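Protein chains in written order, with our numbering: chain H, 1 to 278; chain L, 1 to 278.
Treat the hints with care, as some may be off.
The list treats identical chains as interchangeable, and a pair is accepted whether it falls inside one copy or across any two copies.
[Claimed, not checked] No farther apart than 20 Å at their CA atoms in a straight line, the calculated lysine to aspartate or glutamate pairs in the DMTMM-like style are these:
hint: 1; residue 1: Lys184; residue 2: Asp269
hint: 2; residue 1: Lys178; residue 2: Glu27
hint: 3; residue 1: Lys91; residue 2: Glu153
hint: 4; residue 1: Lys44; residue 2: Glu139
hint: 5; residue 1: Lys26; residue 2: Glu130
hint: 6; residue 1: Lys184; residue 2: Asp267
hint: 7; residue 1: Lys26; residue 2: Asp90
hint: 8; residue 1: Lys178; residue 2: Glu130
hint: 9; residue 1: Lys52; residue 2: Glu27
hint: 10; residue 1: Lys275; residue 2: Glu153
hint: 11; residue 1: Lys44; residue 2: Glu226
hint: 12; residue 1: Lys123; residue 2: Asp241
hint: 13; residue 1: Lys91; residue 2: Glu48
hint: 14; residue 1: Lys275; residue 2: Glu48
hint: 15; residue 1: Lys174; residue 2: Asp108
hint: 16; residue 1: Lys236; residue 2: Asp267
hint: 17; residue 1: Lys236; residue 2: Glu113
hint: 18; residue 1: Lys174; residue 2: Glu139
Source of the hints: derived by calculation from the structure; they are not laboratory data.
Quick caveat: nothing in here was measured; it's all calculated off a predicted structure.
Read off the chains here:
2 protein chains.
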Amino acid sequence: MRNLNQDNITQAVIASFSNTPDPRLKEIITSLVQHLHSFAREVKLTEEEWFKGIQYLTATGHKCTDVRQEFILLSDVLGLSMLTIAMNQDKPPGCTEATVFGPFFLEDAPHYELGADVSNGAKGAPCWVEGSVRGLGGEPIPNATINVWQADEDGLYDVQYESLGHSQARGIMKSDDKGRYYFKTIVAEPYPIPVDGPVGTLLGATQRHPWRPAHLHFMVEAPGYERLITHVFRDKDSYLDSDAVFGVRQSLVADWTQLPDGSFRMDYDFVLNPKAKA
Amino acid sequence: MRNLNQDNITQAVIASFSNTPDPRLKEIITSLVQHLHSFAREVKLTEEEWFKGIQYLTATGHKCTDVRQEFILLSDVLGLSMLTIAMNQDKPPGCTEATVFGPFFLEDAPHYELGADVSNGAKGAPCWVEGSVRGLGGEPIPNATINVWQADEDGLYDVQYESLGHSQARGIMKSDDKGRYYFKTIVAEPYPIPVDGPVGTLLGATQRHPWRPAHLHFMVEAPGYERLITHVFRDKDSYLDSDAVFGVRQSLVADWTQLPDGSFRMDYDFVLNPKAKA
Chain H
1 MRNLNQDNIT QAVIASFSNT PDPRLKEIIT SLVQHLHSFA REVKLTEEEW
51 FKGIQYLTAT GHKCTDVRQE FILLSDVLGL SMLTIAMNQD KPPGCTEATV
101 FGPFFLEDAP HYELGADVSN GAKGAPCWVE GSVRGLGGEP IPNATINVWQ
151 ADEDGLYDVQ YESLGHSQAR GIMKSDDKGR YYFKTIVAEP YPIPVDGPVG
201 TLLGATQRHP WRPAHLHFMV EAPGYERLIT HVFRDKDSYL DSDAVFGVRQ
251 SLVADWTQLP DGSFRMDYDF VLNPKAKA
Chain L
1 MRNLNQDNIT QAVIASFSNT PDPRLKEIIT SLVQHLHSFA REVKLTEEEW
51 FKGIQYLTAT GHKCTDVRQE FILLSDVLGL SMLTIAMNQD KPPGCTEATV
101 FGPFFLEDAP HYELGADVSN GAKGAPCWVE GSVRGLGGEP IPNATINVWQ
151 ADEDGLYDVQ YESLGHSQAR GIMKSDDKGR YYFKTIVAEP YPIPVDGPVG
201 TLLGATQRHP WRPAHLHFMV EAPGYERLIT HVFRDKDSYL DSDAVFGVRQ
251 SLVADWTQLP DGSFRMDYDF VLNPKAKA
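I would like the entire structure built from these sequences, with the hints used as guidance.
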């Protein structure tokens, strides 16, 4: 293994991984090396460009904190997140589709009773959200865990306010004995993904806009069913066809009705896929 | 651009970059998206594996500091660094070959007179290093800048000692009017690359050893010549054929002679490639 050149180095690197005990890890690292090298070879990456790449990845890592995940954001704008979801979501027709997780989920959101105001002071026009959680066979799913999170009318999630110190427009609740859920919040608005980091630099350099169509994030879980991570998008949003993270599915676009008092109402029913029996 | 699936998302992402003004950036990002997606598709990356990848990249970024570059190390063990160098080093025969830069270079190394002891207290058997800097035509290159750095007998670079506070076994000097250089240091020993970070986790999980054959790092620069970044390896090292970062070139292996007093001597002549005339 001396004097490796651009024609034989890839095989040498793959051979170096030949003793990997976990066959899946071996498969993944082998494929990664092949495609990473193919990329570098195809564009004939220069040493200066390589170093810019190193600096870019380092800056992306340094931007990540407990409340900011810049690598997820990078994966999102490169379509890798949505590709991964699309490959793994081979649910039967009738199940609610999944979409990107996004970088703003928090493990420890506050718990609310049904009907509570999860906005908790976040700015925006009031919105009532209501619907059901059912299984693919139509059966109501009581006691399902519904985790919702969203940006405010300025397009910011609570975690983006450095000195806020508490959760806003984010919460966890349980469906009732008929599988119903309902809560107060604020209406979703379109917003730009954060552009103050390396992902923003990339979008700027490539003249891509950073906007996402208005949406609520949902994670819905219940024993015996596959976990659902998805959004409900707001109809008529002008970014539905150019989502910066490629996440829009038509089945996830709902009517958000404005009521005479200026507030909004949105209804959406979730359908979960039963887990395969062992 | 709604309802993208695993078959059409790659083209949609590439299309999103179609307005990139810099043609080289457009070429690179297009190729990157294609190969990244091909990798994910080939292994049918699961959402759990994708998230482990996100966590791995984040940990790699967090390991990077002013004196530790974990992404360079990752690139090194995946062979990407050496591939990039191999593709870009199409120098004429007779020029000194290049190899990996490594993660332990420091911009602000101390300056020394020729003949000085650059070890500056680092542990190891004394070693005298001497040679010349010439151009491809054989002409001596006076006043060339020679930057050398190396690990000590425990396999550690100065920057790996958290409380050291000064440089050791690292320095910058200028060749004399005949293009000669010479300095005292310590003998190079084989050492493992740092395994206390994500790269170490990868090597452990894939049962790869982390060892590099003994070497001195050199960066040699002179006006009118291409910068040379290389190593001089120590002959008879048992890791010359399994370097963890794939960097060994036979032309960079030198005799390191042990003298009767137990100290060492190594001679190596550098040949720089003249820059192409504009």
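(request) Hints the structure violates: just list their numbers, smallest first. (result) Failing hints, ascending: 2, 3, 4, 5, 7, 10, 12, 17.
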